[in-house]
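There are 2 protein chains.
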Amino acid sequence: MTPDSWVPIPDGSPFPLANLPYGVFAPAGGPPRVGVAVGDHVLDLARALGDDTFARPSLNAFLAQGRSRWQRVRADLLDLLTDPACRAEAAPALHRRADVRLLLPFEAADYVDFYASEHHAANIGRMLRPGQEPLTPQWKHLPIGYHGRAGTLVVSGTDITRPRGQTRPPGTGAPTVGPSRKLDIEAEVGFVVGTGTPLGTSVGVDDFADHVFGVCLVNDWSARDLQAWEYVPLGPFLAKSFATSVSPWIVPLDALSAARTPPPTRTEPLQEYLRDGADWGLDLSLEVRLNGHLVARPPFTAMYWTPAQMLAHLTVNGASLRPGDFYASGTVSGPEPGQRGSLMELSWNGAQPLTLPDGTTRTFLEDGDEVTITATAPGPGVTRIGFGEVTGRVTAAGEAR
Amino acid sequence: MTPDSWVPIPDGSPFPLANLPYGVFAPAGGPPRVGVAVGDHVLDLARALGDDTFARPSLNAFLAQGRSRWQRVRADLLDLLTDPACRAEAAPALHRRADVRLLLPFEAADYVDFYASEHHAANIGRMLRPGQEPLTPQWKHLPIGYHGRAGTLVVSGTDITRPRGQTRPPGTGAPTVGPSRKLDIEAEVGFVVGTGTPLGTSVGVDDFADHVFGVCLVNDWSARDLQAWEYVPLGPFLAKSFATSVSPWIVPLDALSAARTPPPTRTEPLQEYLRDGADWGLDLSLEVRLNGHLVARPPFTAMYWTPAQMLAHLTVNGASLRPGDFYASGTVSGPEPGQRGSLMELSWNGAQPLTLPDGTTRTFLEDGDEVTITATAPGPGVTRIGFGEVTGRVTAAGEAR
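Going down the list, the protein sequences come from chains A and B. Just so you know, we're using our numbering here: the first sequence kicks off at 1 and counts up by one. Just so you know, we're using our numbering here: the second sequence kicks off at 1001 and counts up by one.
These are computed hints drawn from the structure, not numbers from a lab. Take these hints with a grain of salt, some might be off.
As the list claims (entries may be wrong) - Some chain B residues judged to face chain A by a derived CB distance under 8 Å, without partners named:
no., residue
1, Tyr1115
2, Val1155
3, Gly1157
4, Gly1171
5, Thr1172
6, Gly1178
7, Thr1197
8, Leu1199
9, Trp1229
10, Gly1235
11, Leu1270
12, Asp1276
13, Ala1319
14, Ser1347
15, Trp1348
What the hints assert, rightly or not - Computed far set for chain B versus chain A, every beta-carbon distance over 12 Å:
no., residue
16, Ala1091
17, Arg1097
18, Leu1103
19, Tyr1273
20, Leu1294
21, Gly1350
22, Gly1368
23, Thr1383
24, Ala1397
The C-beta atom is built at its ideal place from N, Cα and C for all residues, glycine as well.
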């Protein structure tokens, strides 16, 4: 049982002592630095621990230091936040969360997006290839993934400009260029790599926790009409590269012990490099809100592939890792209609508009729409820990140039 | 006419005064820094110009400074290298190329690979989808591209470990894991972005030279058997992400004025954002050697899409650019069989093995094989400028873990 903190932590806070997620914040008038969320506060780590690793605008230096260091700092923080003797000295390092600006917490090296939800992949297959097998032949043999654009990861709260691009409207011959008319969300979970590896080596499926530092939420904004026209044979490109929103708090793996769960039963034998001895399924409960209205509750427990399997696959060919590498799960969708993590699934590619409680309907996103994804996970005992949120508002496409 | 240099430049050197490509080198016992190749020498720019921008292990700081600065430094270098009065002071900044180690010249931000050769795309289409239209419907409407792994760009000379991975051999049901048996090359040309752009803006097709600093050679090693099993529907992933080799010298756009040429006649009308007023086709003559034997002469003039169109497409959706962003053309193949830039095309997917002059045959690469790609371009008058080379040797796959 975690002792009490001298920092007041409101009941039901997403950020109890059992969480302690890392982010980068800018206090009013001060330079960005690393902090940890506690209740309604942020602790300035450089100041509280007297450690320059944290007096930087990204987590990358800390990420590179590796697991034993991550564990030591977490233990030090728990001591500091529970020992009343530390209060006088540490209190000046506390900022109210409402008073600081949150920034992208890490400098992304490479970004990979997976496609690890069987329900999502099957829904997409049923819509795009009706009458055929919904899953492609390799789907249950390997976690399908592709590289995305690391330079367009943005922190939660950043407005999303509706992308322009080429599409070919159905039934017409010639493509046209204009703002996307099928702008969608993808509710995903992201994994931040800490420890790098040399080229020519692989990370075993059981070595996941030595390399991945923590977990956050992702909205992988997607322009379905651009995607349909561009993606054969080399995959999604401009349909995804205009923006990917990331939540500002990285929940350390060590805060997720109680959330670990076995993945779903495998219906195809796994290759040895994907055969995991430890359970790295995660019991994260996501919620997706559109203009404040709850539209989906995607359960991460339903994901076929675990993040440990994703990382083992990503490196089986000898690809190196760098601190700040980032990979996301792909859209989290469960078996039930209300558990689908994209509007394309929720509106069945526009055929079944959603009616929101305010009486409006949606197929895809309209200008001004705001999408917010949150998640919680079991903590120790009866507590739950939270991931905060990833939110973004759609603004109109710019002028064509 | 360029005046003579006080640095001796051998006849036929790829690096005459009209070239002055930038790289990063480490002198014996010294830290890496930026240099320019002149004949058989490398000029240490930090020392020669007294400018700390160049006392760094990458070109990125210089890249970020923008086009007018790139032009000023080029003019200063031409003055310095042709004015005999500068000789005494600058000579100590010269190193023999043979005495220094060349490093990756830039820190790659995002890496995008295009598919811009009609001949290459059509050859691949004929092999993989016999009896169908060789090009996908969008091919002549937009330059198809996808993101690759920036973290596994390696400098020329780096050994390439044969990747392991999942494949499903034809005619069998179950996939297996092992070393790739269809390891291939792709002879490409790469473009280094200097000036960044904010999210939500696009780079016009006529603004190419304000953003792209220079050009180099690329070998985009590819595991065709991994690719065949993984790539539908999200594109190539592990088949490409294990290594991409880059030549160490970045030829500035300003050295390529005489190489500019109109692209091939367009057989489909272009969308406005791809309609280029200036000719950014480039008359680069590539040569591919396998274990020293010339196996292909891919002509870059045959590329359907120009690098200016690639950049305009990459950003039409509002994706931002960062200094160090890198994009490659995709395999350069011409209309003739001897102009194909991949072994998959040269051996027609293994059906027509190549016989090398040493009597051996090849379909795909064997352990120990060394592949070297070189290129030249017209310079001012009768001179030609060279790109140096990108070379790499295949080593055996590591042990499975």
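How the hints compare with the structure:
About 6 Å separates the beta-carbon of Tyr1115 of chain B from the nearest beta-carbon of chain A, less than 8 Å, and the hint is met. Given the 8 Å rule on beta carbons, the hint for Val1155 of chain B is violated: about 12 Å separates it from the nearest Cβ of chain A. Below 8 Å, beta-carbon pairs count as interface contacts, and Gly1157 of chain B has none with chain A, the closest being about 14 Å; its hint is therefore violated. Restraint check, Gly1171 of chain B versus chain A: the minimum CB separation of about 14 Å is more than 8 Å; hint violated.
Hint status for Thr1172 of chain B: violated, given a least beta-carbon distance of 12 Å to chain A, over 8 Å. Checking Gly1178 of chain B against chain A by beta carbon gives a least distance of about 10 Å; that is not within 8 Å, so the hint is violated. Below 8 Å, beta-carbon pairs count as interface contacts, and Thr1197 of chain B has none with chain A, the closest being about 10 Å; its hint is therefore violated. Interface hint at Leu1199 of chain B: satisfied, since its Cβ lies 6 Å from the closest Cβ of chain A, which is below the 8 Å cut-off.
For Trp1229 of chain B, the interface hint holds, since its Cβ comes within 8 Å of a Cβ in chain A; the closest pair sits about 5 Å apart. Proximity of Gly1235 of chain B to chain A holds as hinted, the smallest CB-CB distance being about 2 Å (cut-off 8 Å). The interface hint given for Leu1270 of chain B is violated, since its Cβ lies 11 Å from the closest Cβ of chain A, which is over the 8 Å cut-off. Among the interface hints, the one on Asp1276 of chain B is violated; its C-beta lies about 14 Å from the nearest C-beta in chain A, farther than the 8 Å criterion.
The closest approach between the C-beta of Ala1319 of chain B and any C-beta of chain A is roughly 5 Å, which is under the 8 Å cut-off, so the hint is satisfied. The beta carbon of Ser1347 of chain B is not positioned within 8 Å of any beta carbon in chain A (closest approach about 20 Å), and the interface hint is therefore violated. The beta carbon of Trp1348 of chain B is not positioned within 8 Å of any beta carbon in chain A (closest approach about 19 Å), and the interface hint is therefore violated. No Cβ of chain A comes within 12 Å of the Cβ of Ala1091 of chain B; the nearest lies about 38 Å off, and the non-interface call holds.
Every CB of chain A is more than 12 Å from the CB of Arg1097 of chain B (nearest about 25 Å), matching its label as outside the interface. Leu1103 of chain B, annotated as away from the interface, keeps every beta carbon of chain A farther than 12 Å; the closest lies near 15 Å. The beta carbon of Tyr1273 of chain B is not kept farther than 12 Å from every beta carbon of chain A, the shortest such distance being approximately 6 Å. Against the 12 Å criterion, Leu1294 of chain B stays outside the reach of chain A, whose nearest CB is about 29 Å from its own CB.
Every C-beta of chain A lies more than 12 Å from that of Gly1350 of chain B, the closest at about 20 Å, which supports listing it as non-interface. Distance to chain A confirms Gly1368 of chain B as a non-interface residue, since its nearest Cβ pair spans about 16 Å, more than 12 Å. Non-interface call for Thr1383 of chain B relative to chain A: holds, since the shortest CB-CB distance, roughly 37 Å, exceeds 12 Å. Not every CB of chain A is more than 12 Å from the CB of Ala1397 of chain B (nearest about 8 Å), against its label as outside the interface.
Hint compliance for this structure: hints 2, 3, 4, 5, 6, 7, 11, 12, 14, 15, 19, 24 are broken, all remaining hints hold.
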